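One-letter residues, chain by chain:
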Amino acid sequence: MINKTVKDVTTACKGVKDGMTFMLGGFGLSGIPENAIAQLVKLNVKQVTCISNNAGVDDFGLGLLLQKHQIKKMISSYVGENAEFERQMLSGELDVELIPQGTLAQRCLAAQSGVPAFYTPAGYGTEVGEGKESREFNGKMHLLEHAFNADFAFVKAWKGDTAGNLIFKGTARNFNPNMCGAATITVAEVEELVPAGELDPNQIHIPGIFVQRIFQGEKYEKRIEQRTVRKK
Amino acid sequence: MINKTVKDVTTACKGVKDGMTFMLGGFGLSGIPENAIAQLVKLNVKQVTCISNNAGVDDFGLGLLLQKHQIKKMISSYVGENAEFERQMLSGELDVELIPQGTLAQRCLAAQSGVPAFYTPAGYGTEVGEGKESREFNGKMHLLEHAFNADFAFVKAWKGDTAGNLIFKGTARNFNPNMCGAATITVAEVEELVPAGELDPNQIHIPGIFVQRIFQGEKYEKRIEQRTVRKK
Amino acid sequence: MALSKEQIAQRIAKEVKDGYYVNLGIGIPTLVANFVRDDIEVEFQSENGILGMGPFPFEGEEDADLINAGKQTITAMKGASFFDSAKSFSMIRGQHVDLTILGAMEVAQNGDIANWKIPGKMVKGMGGAMDLVASAENIIVAMMHTNRAGESKILKQCSLPLTGVNCVKKVVTNLAVLEIEDGKFRLLERAPGVSVEEIDAATEGNLIIDGDIPEMTF
Amino acid sequence: MALSKEQIAQRIAKEVKDGYYVNLGIGIPTLVANFVRDDIEVEFQSENGILGMGPFPFEGEEDADLINAGKQTITAMKGASFFDSAKSFSMIRGQHVDLTILGAMEVAQNGDIANWKIPGKMVKGMGGAMDLVASAENIIVAMMHTNRAGESKILKQCSLPLTGVNCVKKVVTNLAVLEIEDGKFRLLERAPGVSVEEIDAATEGNLIIDGDIPEMTF
Numbered sequence: 001m002i003n004k005t006v007k008d009v010t011t012a013c014k015g016v017k018d019g020m021t022f023m024l025g026g027f028g029l030s031g032i033p034e035n036a037i038a039q040l041v042k043l044n045v046k047q048v049t050c051i052s053n054n055a056g057v058d059d060f061g062l063g064l065l066l067q068k069h070q071i072k073k074m075i076s077s078y079v080g081e082n083a084e085f086e087r088q089m090l091s092g093e094l095d096v097e098l099i100p101q102g103t104l105a106q107r108c109l110a111a112q113s114g115v116p117a118f119y120t121p122a123g124y125g126t127e128v129g130e131g132k133e134s135r136e137f138n139g140k141m142h143l144l145e146h147a148f149n150a151d152f153a154f155v156k157a158w159k160g161d162t163a164g165n166l167i168f169k170g171t172a173r174n175f176n177p178n179m180c181g182a183a184t185i186t187v188a189e190v191e192e193l194v195p196a197g198e199l200d201p202n203q204i205h206i207p208g209i210f211v212q213r214i215f216q217g218e219k220y221e222k223r224i225e226q227r228t229v230r231k232k
Numbered sequence: 001m002i003n004k005t006v007k008d009v010t011t012a013c014k015g016v017k018d019g020m021t022f023m024l025g026g027f028g029l030s031g032i033p034e035n036a037i038a039q040l041v042k043l044n045v046k047q048v049t050c051i052s053n054n055a056g057v058d059d060f061g062l063g064l065l066l067q068k069h070q071i072k073k074m075i076s077s078y079v080g081e082n083a084e085f086e087r088q089m090l091s092g093e094l095d096v097e098l099i100p101q102g103t104l105a106q107r108c109l110a111a112q113s114g115v116p117a118f119y120t121p122a123g124y125g126t127e128v129g130e131g132k133e134s135r136e137f138n139g140k141m142h143l144l145e146h147a148f149n150a151d152f153a154f155v156k157a158w159k160g161d162t163a164g165n166l167i168f169k170g171t172a173r174n175f176n177p178n179m180c181g182a183a184t185i186t187v188a189e190v191e192e193l194v195p196a197g198e199l200d201p202n203q204i205h206i207p208g209i210f211v212q213r214i215f216q217g218e219k220y221e222k223r224i225e226q227r228t229v230r231k232k
Numbered sequence: 001m002a003l004s005k006e007q008i009a010q011r012i013a014k015e016v017k018d019g020y021y022v023n024l025g026i027g028i029p030t031l032v033a034n035f036v037r038d039d040i041e042v043e044f045q046s047e048n049g050i051l052g053m054g055p056f057p058f059e060g061e062e063d064a065d066l067i068n069a070g071k072q073t074i075t076a077m078k079g080a081s082f083f084d085s086a087k088s089f090s091m092i093r094g095q096h097v098d099l100t101i102l103g104a105m106e107v108a109q110n111g112d113i114a115n116w117k118i119p120g121k122m123v124k125g126m127g128g129a130m131d132l133v134a135s136a137e138n139i140i141v142a143m144m145h146t147n148r149a150g151e152s153k154i155l156k157q158c159s160l161p162l163t164g165v166n167c168v169k170k171v172v173t174n175l176a177v178l179e180i181e182d183g184k185f186r187l188l189e190r191a192p193g194v195s196v197e198e199i200d201a202a203t204e205g206n207l208i209i210d211g212d213i214p215e216m217t218f
Numbered sequence: 001m002a003l004s005k006e007q008i009a010q011r012i013a014k015e016v017k018d019g020y021y022v023n024l025g026i027g028i029p030t031l032v033a034n035f036v037r038d039d040i041e042v043e044f045q046s047e048n049g050i051l052g053m054g055p056f057p058f059e060g061e062e063d064a065d066l067i068n069a070g071k072q073t074i075t076a077m078k079g080a081s082f083f084d085s086a087k088s089f090s091m092i093r094g095q096h097v098d099l100t101i102l103g104a105m106e107v108a109q110n111g112d113i114a115n116w117k118i119p120g121k122m123v124k125g126m127g128g129a130m131d132l133v134a135s136a137e138n139i140i141v142a143m144m145h146t147n148r149a150g151e152s153k154i155l156k157q158c159s160l161p162l163t164g165v166n167c168v169k170k171v172v173t174n175l176a177v178l179e180i181e182d183g184k185f186r187l188l189e190r191a192p193g194v195s196v197e198e199i200d201a202a203t204e205g206n207l208i209i210d211g212d213i214p215e216m217t218f
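Protein chains in written order, with the working numbering: chain A, 1 to 232; chain B, 1 to 232; chain C, 1 to 218; chain D, 1 to 218.
Quick caveat, the hints were computed from the structure, so don't treat them as lab data. It cannot be assumed that every hint is accurate.
[Said to hold, decoys possible] Computed cross-link-like contacts, DSSO-like style, restricted to lysine-lysine with a CA-CA straight-line distance of at most 30 Å:
1. B:LYS159 x D:LYS78
2. B:LYS132 x A:LYS140
3. D:LYS14 x B:LYS231
4. D:LYS117 x B:LYS132
5. B:LYS231 x D:LYS17
6. B:LYS159 x C:LYS17
7. A:LYS17 x A:LYS46
8. B:LYS222 x B:LYS72
9. C:LYS117 x A:LYS140
10. A:LYS140 x B:LYS73
11. A:LYS72 x C:LYS117
12. A:LYS73 x C:LYS78
13. D:LYS124 x B:LYS132
14. B:LYS132 x B:LYS7
15. B:LYS17 x A:LYS140
16. C:LYS78 x C:LYS124
17. B:LYS140 x A:LYS132
18. A:LYS169 x A:LYS132
19. A:LYS159 x B:LYS159
20. B:LYS17 x B:LYS7
21. C:LYS17 x B:LYS14
22. D:LYS78 x A:LYS159
23. D:LYS124 x B:LYS17
24. B:LYS169 x C:LYS78
25. A:LYS232 x C:LYS14
26. B:LYS42 x B:LYS14
27. D:LYS17 x B:LYS68
28. B:LYS140 x D:LYS169
29. C:LYS156 x A:LYS232
30. A:LYS231 x C:LYS17
31. D:LYS121 x D:LYS14
32. C:LYS124 x A:LYS42
33. B:LYS46 x D:LYS121
34. A:LYS132 x C:LYS156
35. C:LYS121 x A:LYS68
36. B:LYS46 x D:LYS170
37. D:LYS121 x B:LYS73
38. C:LYS124 x A:LYS46
Bear in mind that the values here come from a model prediction, so they are computed numbers and not experimental data.
Use the sequences and the hints to build the structure in full.
Below you can see the structure in the form of structure tokens.
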């Protein structure tokens, strides 16, 4: 098997540069690439564009990059949990492109799949549709949407093997599989890295061909954003 | 959980009519819905259009429907294993639309996903592109391809539960997951039907929402088309 | 008397039928799950990647890898499945979800809805709402009839940036159940003790008031 | 002497580099797997849904649920994965596969290829070939230089219905290794004992013959 293992997050993030476009997996704080984010903060890359469903919270997730003003532009579907984000956006420091969540996912998948463009009904007749081509199919209006173009995709999986095969857990899966192979270089961090052959080939969510670098992540905080419980 | 179980193949195929369009999973003879095909032969539905990667062999798979002249039109990518098929096609009895395999898969997925159309480079500049819209993206020509429109999808899975969740095995997976939810009614037959809750929710290949009817299949022959082996 | 948020959810729960796959938005819609009859089978879809969402976990059993679209910790029912975001929106865009219940800031009588942005003031984003309203054939909006200033949110035309056009079919507010019909709001039911006149006064859009309007039952 | 099919495969195997994901077509390309060096890591993709395809199974271990795109029973290597057809073509269309090796009936000097249809005579279909040639950046064609009647299959222009346009980069035949360059075939290597003149005579397309043409090594 082709070995995709790199020894740590430093090696995994080699090649990131100011002005690049990154994809980052996760929904809220669930399934975010914690190690890669910490490394991007450390490297202090500037003027980056981030494609990520959310923008973290003030002191976790992408909020850490926002605090340091590393982000030039966010492409997201929902950014409601982050006061610093809102401040930077309303003040004009931060460029924000809000797009429908399904369109975001499909534009990642399109990039992964070599589909340059597709039609979706989401956003037709709204601000999202302004300046976009529209077209009727089956009596309904649709927008033409394009595949994303990114330099790095940073994803987080539950288990992975040295061949780059990935398995996600629960709803921490979310955008992570759709971003694999959707950028020039896909960096996967995993909670548990095993030798190739240990994962059931029938249960792999993302085959290793979509991953360029894989490493064992460290010290996952896995913060819960809204702790909701019921009494026993 | 919503219960999708029907008692047998007769109930599962209720509503099939002459002139309908069917999707059928499988690659070669691997992962084909054997029980549904046998029932379609028994019901003797005529003038049907079949969307299926291959057309079976003379005496198995879709070849059984061809023998009885039930098929008006085949939409496939490769039909090279079937002498009766070739005879009917060259004589003009059978209408055949050959399309690239990736386009076939993506047109199923588009139907499942509510994407009415997408662009792909496959077939540009060939007969496949004749009469189709083409367009340049990233310096390369692409064809506009549309989602399929089918009445029934017949798929075969390895394991399934009463909620309609499906798990496929090995390369018998192929087109089966892409056809689920891509037709008005999706009928899944499985080798092993278990109560909802017995399958790991993390390992389900197709969630039950894409399946309308599920039943325990019988007497799977699972014929091997090309038995290739090596000596120990 | 005007309904509480719980009562709005309770009334909407009556629209949930046996065998439905339902997507619940954040806020009042989330509460609907608590009021669905026990004798029908319903599966809740959350667009972040679960079908068969269950109630909140017992204390101490929260899992950071198991949340809903509101980022709340949840559980999975027996027979649930997890999937990626693209597959989740295949369910939504592909019209496999039977019923979508979501909140709104404004609804117009042509079925337009606005719920994601107040220019210059609040921009949280549309999340999955634009995909949901553009695709769903059966959309119920759960909302308060008026804003805090007492101004109607049931309008002739939306003033805020739209989430979707001509898509809303039914609206349940703290005052009434309304159905979009030929570019107007047909008044179907009144909140218990709320008069047709009170509803009319709180509604900026054109109302169709036809015969006796019954009170809601729960 | 002209190469056997096995020797064509053996020569092509030299083009397979460490770390490559490779898609092998039916026929001669399938044989390439037998000749890839042991000291490099390569994964074979088969478009029906496996990455990490292994050799044929031992007798008695054949599995109807484990075949390649040629419908032959195969095995899976350690670290292999199975996936659906759409995902398989995501790998191909998305240019994640590094090298595509396939057969052809005709190749033209502009890189056009024909391999799926002889009008009125044979129509097996294109299978995944059109997706492969339209997407792959690195395509090697394995074929016989001439047909049974001795006519060249290395042409100025294809006469059969095309599979793809301007896509072939390299051709390995029983007589020569050719590279498409500026709308011509550059002769890179000769089969051992085959003269430049013999190759020229068997080639209808324009050849670039530049300096000494070395014999192939294996």
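Each hint tested on the structure:
Between B:LYS159 and D:LYS78, the direct Cα distance comes to roughly 23 Å. Compliance with the 30 Å bound is thereby established for this hinted pair. Simply put, B:LYS132 and A:LYS140 have alpha-carbon atoms about 21 Å apart, close enough for the 30 Å limit, and the pair holds. At most 30 Å may separate the alpha-carbon atoms for a hinted pair to count; D:LYS14 and B:LYS231 meet this at roughly 27 Å. A distance of roughly 20 Å separates the Cα atoms of D:LYS117 and B:LYS132; the hinted pair therefore holds under the 30 Å criterion.
Restraint check for B:LYS231 and D:LYS17: the C-alpha separation of about 28 Å stays at or below 30 Å, so the hint holds. With a C-alpha separation of about 28 Å, the suggested pair B:LYS159 and C:LYS17 falls inside the 30 Å cut-off, and the hint holds. Simply put, A:LYS17 and A:LYS46 have alpha-carbon atoms about 8 Å apart, close enough for the 30 Å limit, and the pair holds. Only pairs whose Cα atoms come within 30 Å are accepted, and B:LYS222 paired with B:LYS72 is accepted, the gap being roughly 26 Å.
With a CA separation close to 25 Å, the supplied pair C:LYS117 and A:LYS140 stays within the 30 Å bound. Distance hint between A:LYS140 and B:LYS73 is fulfilled; the C-alpha atoms sit about 28 Å from each other, no more than 30 Å. Our distance criterion of 30 Å between C-alpha atoms is met by A:LYS72 and C:LYS117, whose separation comes to about 21 Å. Restraint check for A:LYS73 and C:LYS78: the C-alpha separation of about 41 Å exceeds 30 Å, so the hint is violated.
Taking the CA atoms of D:LYS124 and B:LYS132, the gap is about 22 Å. The hint holds against a cut of 30 Å. Using a Cα cut-off of 30 Å, the hinted pair B:LYS132 and B:LYS7 is violated, with the two alpha carbons roughly 44 Å apart. Annotation: proposed proximity of B:LYS17 to A:LYS140 holds, straight-line Cα distance about 28 Å (limit 30 Å). Among the hinted pairs, C:LYS78 with C:LYS124 is inconsistent with the structure: their alpha-carbon atoms are about 34 Å apart, more than 30 Å.
In summary, the hint linking B:LYS140 to A:LYS132 is supported, as the alpha carbons are separated by about 21 Å, within the 30 Å threshold. For a cut-off of 30 Å, the pair hint linking A:LYS169 to A:LYS132 is broken: about 36 Å separates their Cα positions. Proximity of A:LYS159 to B:LYS159 is assessed by CA-CA distance (about 23 Å); at most 30 Å being required, the pair is judged to hold. At roughly 20 Å between alpha-carbon atoms, B:LYS17 and B:LYS7 fall within 30 Å of each other, so this suggested pair holds.
Restraint check for C:LYS17 and B:LYS14: satisfied, since their Cα atoms lie roughly 23 Å apart, inside the 30 Å limit. Proximity of D:LYS78 to A:LYS159 is assessed by CA-CA distance (about 16 Å); at most 30 Å being required, the pair is judged to hold. Between D:LYS124 and B:LYS17 the alpha-carbon distance is near 29 Å, which keeps this suggested pair within the 30 Å criterion. Restraint check: the Cα-Cα separation between B:LYS169 and C:LYS78 comes to about 22 Å, which is no more than 30 Å; the hinted pair holds.
A threshold of 30 Å between alpha carbons decides the hint, and for A:LYS232 with C:LYS14 the separation of about 28 Å falls inside it, so the pair holds. Our distance criterion of 30 Å between C-alpha atoms is met by B:LYS42 and B:LYS14, whose separation comes to about 13 Å. A threshold of 30 Å between alpha carbons decides the hint, and for D:LYS17 with B:LYS68 the separation of about 50 Å lies outside it, so the pair is violated. Under the criterion of a C-alpha separation no larger than 30 Å, the hint pairing B:LYS140 with D:LYS169 is consistent with the structure, at around 16 Å.
For the hint linking C:LYS156 to A:LYS232, the alpha-carbon distance of about 48 Å lies beyond 30 Å, and the restraint is violated. For the given pair, A:LYS231 sits about 28 Å from C:LYS17 by alpha-carbon distance, which is consistent with the 30 Å threshold. A distance of roughly 36 Å separates the Cα atoms of D:LYS121 and D:LYS14; the hinted pair therefore is violated under the 30 Å criterion. Between the alpha carbons of C:LYS124 and A:LYS42 the distance comes to roughly 28 Å, so the proposed pair stays at or under 30 Å and holds.
Distance hint between B:LYS46 and D:LYS121 is fulfilled; the C-alpha atoms sit about 27 Å from each other, no more than 30 Å. In summary, the hint linking A:LYS132 to C:LYS156 is supported, as the alpha carbons are separated by about 27 Å, within the 30 Å threshold. Proposed proximity of C:LYS121 and A:LYS68 is supported: the alpha carbons are some 24 Å apart, at most 30 Å. Distance restraint check for B:LYS46 and D:LYS170: the Cα-Cα separation of roughly 47 Å exceeds the 30 Å cut-off, and the hinted pair is therefore not satisfied.
Between D:LYS121 and B:LYS73 the CA atoms are separated by roughly 19 Å; this keeps the pair inside 30 Å, and the hint holds. Under the criterion of a C-alpha separation no larger than 30 Å, the hint pairing C:LYS124 with A:LYS46 is consistent with the structure, at around 24 Å.
Hints 12, 14, 16, 18, 27, 29, 31, 36 from the earlier list are contradicted by this structure; the remaining hints agree with it.
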